[in-house]
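What follows is the residue order along each chain.
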Amino acid sequence: MSGIAAFFANLAVALARAARSVPGRLAGFAGRLKDFFSRYGADFKNGGADVRLSYAVMGYGSIKARQLVRGILFLVVEILFIVFMAAFGGKAVAGFFTLGTRLPVTVENEYGITRPLGGDNSLLMLLYGIIAFIIIICFISLYFMSVRSSVDALAARAAGKKPKSFREDLDELLGARLYASMLFIPVLCVIALTVVPIIYMVLMAFTSYDRNHLPPGSLFGWTGFAAFGKMLSLGGGFFAVLGWTLIWAFFATFLNYFAGMIVALLINRKGVRGKKIFRTVFVLTIAVPQFISLLVMRNFLNLNGPLNEFIANAGMQKIDFLGDPRYNGLIPRISVIVVNLWVGIPYTMLITSGILMNIPAELYESGRIDGASPARLFISITLPYILFITSPYLIQQFVGNINNFNLIYLLTEGGPVTLGGSGAGRTDLLITWLYKMTIDEKNYNIGAVIGIFTFLICAVFSLIVYSQSGATKREGEFR
Amino acid sequence: MKKPGFGMRAKRIAADAVCEGILIALSVVWLIPVLWIALQGFRGEGGALVSYYFPKTFTFANYAALFTDALFPRWIMNTLTVAVVSCVMSVMLTLMVAYSLSRFKFKQKKFFMNVAMVLGMFPGFMSMIAVYYIFKAIGLDGTLIALVIVYSSGGALGFYVAKGYFDTLSLSLDEAAKIDGAKNWQVFFIIILPLARPIIVYTALMAFLAPWTDFIFARVILGTNRESYTVAIGLYDWVSTTRSNLMFTQFAAGSMVVAVPIVLLFIFLQKYYVEGITGGAVKG
Chain A
1 MSGIAAFFAN LAVALARAAR SVPGRLAGFA GRLKDFFSRY GADFKNGGAD
51 VRLSYAVMGY GSIKARQLVR GILFLVVEIL FIVFMAAFGG KAVAGFFTLG
101 TRLPVTVENE YGITRPLGGD NSLLMLLYGI IAFIIIICFI SLYFMSVRSS
151 VDALAARAAG KKPKSFREDL DELLGARLYA SMLFIPVLCV IALTVVPIIY
201 MVLMAFTSYD RNHLPPGSLF GWTGFAAFGK MLSLGGGFFA VLGWTLIWAF
251 FATFLNYFAG MIVALLINRK GVRGKKIFRT VFVLTIAVPQ FISLLVMRNF
301 LNLNGPLNEF IANAGMQKID FLGDPRYNGL IPRISVIVVN LWVGIPYTML
351 ITSGILMNIP AELYESGRID GASPARLFIS ITLPYILFIT SPYLIQQFVG
401 NINNFNLIYL LTEGGPVTLG GSGAGRTDLL ITWLYKMTID EKNYNIGAVI
451 GIFTFLICAV FSLIVYSQSG ATKREGEFR
Chain B
1 MKKPGFGMRA KRIAADAVCE GILIALSVVW LIPVLWIALQ GFRGEGGALV
51 SYYFPKTFTF ANYAALFTDA LFPRWIMNTL TVAVVSCVMS VMLTLMVAYS
101 LSRFKFKQKK FFMNVAMVLG MFPGFMSMIA VYYIFKAIGL DGTLIALVIV
151 YSSGGALGFY VAKGYFDTLS LSLDEAAKID GAKNWQVFFI IILPLARPII
201 VYTALMAFLA PWTDFIFARV ILGTNRESYT VAIGLYDWVS TTRSNLMFTQ
251 FAAGSMVVAV PIVLLFIFLQ KYYVEGITGG AVKG
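Protein sequences, first through last, are from chains A and B.
Mapping of the first sequence onto our numbering: position 186 corresponds to residue 186, and the numbering continues sequentially without gaps.
Mapping of the second sequence onto our numbering: position 73 corresponds to residue 73, and the numbering continues sequentially without gaps.
Below, a list of computed lysine to aspartate or glutamate pairs in the EDC-like style, where the Cα atoms sit at most 20 Å apart:
1) K270/A / D16/B
2) K270/A / E20/B
3) K178/B / E172/A
4) K178/B / E168/A
5) K183/B / E172/A
6) K183/B / E168/A
7) K107/B / D35/A
8) K107/B / D169/A
9) K56/B / E45/B
10) K178/B / D171/A
11) K105/B / E172/A
12) K178/B / D167/B
13) K183/B / D171/A
14) K275/A / D16/B
15) K276/A / E20/B
16) K107/B / E172/A
17) K183/B / D169/A
Computed footprint of chain A on chain B, listed as stretches where at least three residues anywhere in the stretch have a Cβ under 8 Å from a Cβ of chain A:
18) 11 to 20
19) 86 to 97
20) 204 to 217
Note that these hints are calculated values from the structure, not bench results.
Idealized CB from N, CA, C, for every residue including glycine.
Can you build the whole structure from these sequences, using the hints too?
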C-alpha cells in the first residue's frame, strides 16, 4: 500500500508546486504579450506607406510583394468578416449582453392551443453571441498573421529576396508543417462540439435560466452568482451528494482495482486449469453492452425479481436492494457498489492479467533466491509493477466513476429519494443530480453550477495525476 | 534452494483446488444474470418479472416478434450505419491528432495537450444540452447525422492512447524514410500507419461499439423521433415506458441480438483492447 500513500503525498506536493508556479507563469505570459504588441507598434512606426496600409487592408503587403494568392486570401477573409459583422455579428454581440428584450406574444390557434410567437429567444441569443465571439477571436488572430506576413514579405522584397510562393506554402503544409493541416479539422470539431457547448453551459450558471424563465415563452437574463447561492441553499443537498459522490468514487475505483487484481492472480496461478474458460466468462460481461447488463441487474435485484424470490424461498425476508430508504439509503448504496464490482472486476482482471504475464521472470527468480515468501514477492514485485503501469488508468477510473452516470441512473435513477428540497436521492451522484436538475426539473442554471463543481473536483484529481505520473514523462522513454 | 518435499506438494495441490473452487464460484455469480436474460428471451409466458428463474415454456416467438416489429430492424440498421461511419471518421481524426502531437514539435503543442486534458474533465453531459441546441439551430436535431458528428468528433480528444503508442515507435524509422526523400505525409501513410495496426484496431473497436452502448447522448439528440432511434434507446424505451409489462421478454430477446455479435467481436479483439488501455506497455 506504500505506493498509494506515496501517491497521495506526491499529490499534495504537485498541488503546491502548481499553485506556486501560477504567478510566475502569469508574469511570463504578460511579458510575452507585451513583447508581441510592442513589435507590432514598432513595425508600424518604422514601416513605409506599404507597411502601414497593410495594417488596414489585410494582405496588402503580401500582394505588393507578389505573394498574390496568400494576399488575396487574407483580403477575402477581411471582406467576409466585415460582411459577417454587418449582417449578423453585431446583432449577435449586442444580443449576448441583453439576452433578449422583446417578450414573444402568445397566439392561440383554432384548437385553443397557445404558443409563443416572435420575440427574442434568450437561449439562441446566448449561443449566437458565443459563436460570434469565437469568430471575432479567430479573425483577430488571422489579422495579426496577415500583418506579420505582409511585413515579412515586404522586408524580403526590399532585401532583394523572393518571399515564399503559394506552392511552397502548400508544400510546407504537407511537409514540415503537416501537423497544421492534420490538426485543422479535429480542432474545428473540438471547438464546435466541445468548447462552444462548455462555454455555453458555464455561462448558463450565471443566468436566471430556470423553470420560470424558459424560452421561447419567456426571457432569461444575467444574474451573476445568484444560482450558486440558490444551489447551496437547497437544504444541504449539495454537500450530501458531493460526499456520497466521493465515497462512491473511492470504493468503486479501489475495490474494483484490487478485487480485479486478485481474480487475475487466481486465474494466472500456475496450477489452475481452464484459464481460457474463466477469462472468457469474465470478458463476456464486459462485452455485453452496459445498458443491457445494468437493466438486467436492475430487474434481477428488483423486490419481485428472481434473487428476492430465491431469498423468500429460502425462508428469509426479502431485501429491497435498490430502493430501501432506511439507514440513509445504506442498502441501495452498498448494492450499487457491489453491482459495480460485478461490472468492473472483469476490466481490471483483463488488464492486469496482460501485465502479469509480462513481468520479467528474472525479478521473481532473484527474489526466490533471496528466500522471499510468495506474499513478499507479491508486495515487493507484483504490486509495484502493476501500480506503475496502471496508475494513469487508475486515475482515469476515479474521474470516470465520479461521472459514472450510466451505472447509477440505470440501476436506481438516484433513488431512493429522501433528501428534502434538493430533489436528490440517496444514490445520486453529482452527475445524475445534474441530469435531474436539467432534464426533469428544468433548472438549467443550477444544473450548470453542479457541472462546474463536478469539473473542479475532477480537475483537482487529474492535475495531480498528470503532473506527477509517468503518463506525461513516458514520452521519449522508449526512444 | 530447497527441493520441495511431499508436504509442500500436498499443500500446493490443496491451494490450487481452493483457487479453482473460488474461480468456479465467481464464474457462477458472473453468469447467473447473463444466463437469466438469455433465458428470458426464450420465455413463452408473458409479463415483466416472474418469480422463477427458468421459464416454464420455451419459445422463439420473442425473436420472431423482433423482426416483424415495425421499428426494431430499422433501429439495427440505424445503429449499424452510425457505427460504421463514425468508426471510420473517428479513427481518422484520432490518428491525425495523435501523429501530429507525437511527431512534431511546435509552439502551441503543450497548450493543445493541456486544453484537451482540461476539456476531457468536463462532464460530457454538461455540454450535451448545448450540443442539442447547436444542432437544433442548424436543423439537424433528431437526425442520425448529428449523432455521427457527435460520436466521430469524440475521436479528436481521445488521442492519448494512440499518441502513447506512436511515442513508442522509434523515430529512426521516420528519419530513414526522410533520408530517402519521403515527405512527412508519405512517412505517415507508408511508415506509421502499417505499424499502427494495434492502435487502429483498438480505436476502431471503441468507436464502433459506442453507438451500440451509449444511450444518453442518443436520447437527448434524437428526442422523440422514434424512427431514427438506435437500438440502445429503442430497447430502453421498451422497458421504461408503461408498456414494459408487455415488452420485457421482447427486450430480453433484443438484448441478445445486440449483445451476441458484440461479445464475439470483443472476445476476438480483446488483445487489442488490453494493449490500448495499457498504452502499449503490454506487448505480446
